[in-house]
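> Dock chain B against chain A, hints included.
Below are the chains, spelled out letter by letter.
Number of protein chains: 2
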Amino acid sequence: MEKEKIAQAVEILRELDIDLWMVIDRESGIITDPMMDYVVGNHATWLSFFLFSRTGEKHAIVGNLDVETFRRAGLFDTVSAYKGSPRDDLLRLLRRLDPRKIAIDYSPDCAAADGLTHGNFLKLLELLQGSGLSDRLLPAEEVIAKLRGRKSAEELRRLRAACAITLDIYGRVARKARPGMSEKELAAWITARREKMGLPAAWHVDSCPAVFSGPQEIGAHSAPTGNVLRPGHIFNIDFGVKVEKYCSDLQRTWYILRPGEKAAPPEVQRGFDVLLESIRLAFAALRPGARGVDIDAVARGHIVSRGYDEYPHALGHQVGRDAHDGGALLGPAWERYGNLPFLPLEKDQVFTIEPRIYIKDFGVATVEEMVVITAAGAEYLSQPQVELWLVKPGR
Amino acid sequence: MEKEKIAQAVEILRELDIDLWMVIDRESGIITDPMMDYVVGNHATWLSFFLFSRTGEKHAIVGNLDVETFRRAGLFDTVSAYKGSPRDDLLRLLRRLDPRKIAIDYSPDCAAADGLTHGNFLKLLELLQGSGLSDRLLPAEEVIAKLRGRKSAEELRRLRAACAITLDIYGRVARKARPGMSEKELAAWITARREKMGLPAAWHVDSCPAVFSGPQEIGAHSAPTGNVLRPGHIFNIDFGVKVEKYCSDLQRTWYILRPGEKAAPPEVQRGFDVLLESIRLAFAALRPGARGVDIDAVARGHIVSRGYDEYPHALGHQVGRDAHDGGALLGPAWERYGNLPFLPLEKDQVFTIEPRIYIKDFGVATVEEMVVITAAGAEYLSQPQVELWLVKPGR
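Chains A and B supply the protein sequences, listed in that same order.
312 is the number that this note's numbering gives to position 312 of the first sequence; each next residue is one higher, with no gaps.
335 is the number that this note's numbering gives to position 335 of the second sequence; each next residue is one higher, with no gaps.
Just chain A, with the same shape it has in the complex (with noise of 0.2 Å):
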């Protein structure tokens, strides 16, 4: 997929005018850039250069005991060794493609898009110097973000075999839960089911699955603790799976009935209600040329003058290798979200849509879907959930 992936950046490097790219990594093993991935595929030892031209060219620049690595993945035209330092071969290769603009993998705004370390940073400034070339640098940020947005059609097979596994899973937790079952113990059981599937989970086992039940509202979104289901309560799971390195991010809620129940309360019901037709109106909203802010604001406009306190985040995130994949957001301008959220979308781009509601005296109660933006509009990847789930009191 490395090839797929470069090729593509090539391509928006024209298209954004940029002359060169550049994936700059170290000792992978101990922090990465997480470009490395997408377009090199393999692990650097000592400080390593690949460079990625509007032309089409790609070289690689690496510490003399990884050469053999570089040339056999055989996806560079040049792959050169250096034992004392990489300067000579560094420069010459940038003078003889004499970019204009080189984009490197740093952002304030977007983990995704910031690789690259403040070390390595000063020694590529350090490399430059008396070169003229450093003033030449700038931002890869739009680079990243298109080349981690626009999904290939193999990309979205991915992500929507990924959703499928994980709705599969919680299609079997209104079964499998009860009342006096805690929070942990549901989590190791979805958790078991995956590792049977032999899938890594889309983000950190220790709140990969969360589930958070009762009527507190601090904690949404940490790891599930010994808290018991109750009758009377709500719960959420958010859980991922990755199928072939692509992410699903998704959340139900269920409530547990109490005895004599047939149906949640009223309150709940509305709740849980005004949370999907949030849902469904941001989805409506979606189009390429959109911006987040003012997708964000028509689900948080529709929470609030329900008479809901407003979610404390943003409505949706990109998803791909990584379940928060960065680039444009559909957030609030909260000034923590920096400029991701009046970043236009486009087609191919993958987002959860994920409100929630406080419900008092119950519950968190959220959803979390999964959508591609279409040229019209956008295509659910995840089977919406229409109705609140219910669990069945003593069994």
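Check before you lean on any hint, since a few could be wrong.
Because identical chains cannot be distinguished in the list, a pair is counted as satisfied if it fits within a single copy or across any two copies.
Taking lysine-lysine and the BS3-like style, the derived pairs with C-alpha atoms no more than 27 Å apart in a straight line are [to be verified]:
hint : residue 1 : residue 2
1    : Lys245    : Lys196
2    : Lys184    : Lys3
3    : Lys360    : Lys83
4    : Lys242    : Lys196
5    : Lys101    : Lys58
6    : Lys262    : Lys176
7    : Lys347    : Lys3
8    : Lys101    : Lys123
The hints are simulated quantities; they were obtained by calculation from the structure and are not laboratory data.
This structure is a prediction, so every number in the text was calculated from the model and none was measured.
This is chain B only, laid out in the frame that chain A set:
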């Protein structure tokens, strides 16, 4: 173990006369500061600040939905949650602590101390703008070098256990290996044994183990290939496991007897003997206060004086939670190693000693031991290889 490491960090801050150490992370699932695992022990979702003062205060500032995770963990005196921006909480805390020196995680020379991304660095400057605090920032290289380098009794126990398991597997290789077997097959057998014990590989599985055979020189340090073991060839293996997060990193060399041979040819034996001598000489020179550049020169000089090419890398690196653990290095004064070969060695640091010799027409001989610096000198953590291991021919 986070508490032990935090207490150690506070001691180190006092020793180095640094008032505050600040670890900064966000979206740990995408890219994470390696020090998070040492002193935080949880993943951060939004831009987060973890502050450790020389007076022993510990504070966290995290995104609102992460707050419960960090409060439950109980490592911090205060955990403050922000919704819009961390600015107010961060400035309030820094103004109260009023540190003259604030160490943050960047280092041009050492990946393990370079966990702050460039984008997060820029974000930090933006948050501190106008406060006068940004002039007080300095790299945490020394804090991290000492914190990772100085192994506690418990850390040494785990490292010894990882060495013992690796050597146990190596002990079986001579019975398992036979001419005609490919490097890949032998590697797969080692991997299967490791997985059976439920232990992670010490570095990326593509090249852990690295199995490298035969007379060509290029390719050692890369992944095993379909090349087959042949009588009259040397082969070496580089492998390690993690025991409770702590790595081994050991190499051994074997010679495959030709029919009729009872021992390796004299030129192979001589090269191997010079290799072991170089290890013994370097080992004897180790002591607190010595510099890595001088230790490297002992082994390198011995090998060159006996007519062999110098090895194209450093003599040894530190080992801990990562196989290449950073900080002081037993390496030559090559630009790629920056200042690391000049840092004085300290008691309780763990190093590899891993020279190599190319023996023309036979292959690459490498032996890698692990040692710990003691008050008086050094001690082996691995039972050293004292003779060339032989594989019998036709079986």
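> Checked against the structure, which of the hints given earlier come out wrong?
No numbers; nothing is violated.
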